[in-house]
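Asks: Residues per chain, in single letters:
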Amino acid sequence: DSGVTQTPKHLITATGQRVTLRCSPRSGDLSVYWYQQSLDQGLQFLIQYYNGEERAKGNILERFSAQQFPDLHSELNLSSLELGDSALYFCASSPRDLQSTYEQYFGPGTRLTVT
Amino acid sequence: AQSVTQLDSQVPVFEEAPVELRCNYSSSVSVYLFWYVQYPNQGLQLLLKYLSGSTLVKGINGFEAEFNKSQTSFHLRKPSVHISDTAEYFCAVSGLGGSYIPTFGRGTSLIVHP
Chain A
938 DSGVTQTPKH LITATGQRVT LRCSPRSGDL SVYWYQQSLD QGLQFLIQYY
988 NGEERAKGNI LERFSAQQFP DLHSELNLSS LELGDSALYF CASSPRDLQS
1038 TYEQYFGPGT RLTVT
Chain B
235 AQSVTQLDSQ VPVFEEAPVE LRCNYSSSVS VYLFWYVQYP NQGLQLLLKY
285 LSGSTLVKGI NGFEAEFNKS QTSFHLRKPS VHISDTAEYF CAVSGLGGSY
335 IPTFGRGTSL IVHP
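Listed in order, the protein sequences are those of chains A and B.
Following the working numbering, the numbering of the first sequence begins with 938 at its first residue and continues without gaps.
Following the working numbering, the numbering of the second sequence begins with 235 at its first residue and continues without gaps.
What you were told as hints is all true, and nothing was included just to trick you.
Non-contacting residues of chain A with respect to chain B, defined by C-beta distances greater than 10 Å in every case (computed): (1) Ala951; (2) Gly953; (3) Gly1021; (4) Ser1023.
With the C-beta cut set under 8 Å, the calculated list includes, among others, these residues of chain B facing chain A: (5) Tyr266; (6) Gly277; (7) Ile335; (8) Phe338; (9) Arg340; (10) Gly341.
In case anyone wonders, no lab produced these hints; they're calculated from the structure.
Virtual Cβ for every residue (Gly too), placed ideally from N, Cα, C.
Let the hints inform the model, and build the full structure from the sequences given.
Replies: Below you can see the structure in the form of structure tokens.
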């Protein structure tokens, strides 16, 4: 158990809908990272938040957004869902920026199925 | 483009046999290297990492990896595998393009047969 929690574990929704994925980092970790894992793209970095502020952006679509709250939990919002958004979404956390710690701790993931 | 390549998508092996999972990266700058393991229905767990120093790195569960700068490789090895090692293994590299966010390979599925 990494100490990172993600809810829900599974989510099934229809095209065009909007969903919110939630992540609680390990106690004391300031950075949160979101990744998308799909069969065709592998594990892709989406976005990083550090202590409430956006720190780095990866291959995140404009239909997707994220935020980190004062209690350091994070939410990933996916809107106008398409079939291709079906994937495993992982959250990871680290104590500080990766520049100083290098190591990430991954949650168990949320499996999103868009029908 | 800078990238991480895991040369084998699937590696079948018998229990107690040795195994090597290959990873190559393309970069002309110093990098940090990682191997993660993903068991079914779980998140990624760090096996080992190379930041600096000795090029032979030992990790958890009896795994080790060797950093070869001239060949830009970071192959993962285990002298004797167990059924419980059946999982997906990901090589990751950070420092590519000046970013500390790791770039992951596509993964290698290690299948250990009895």
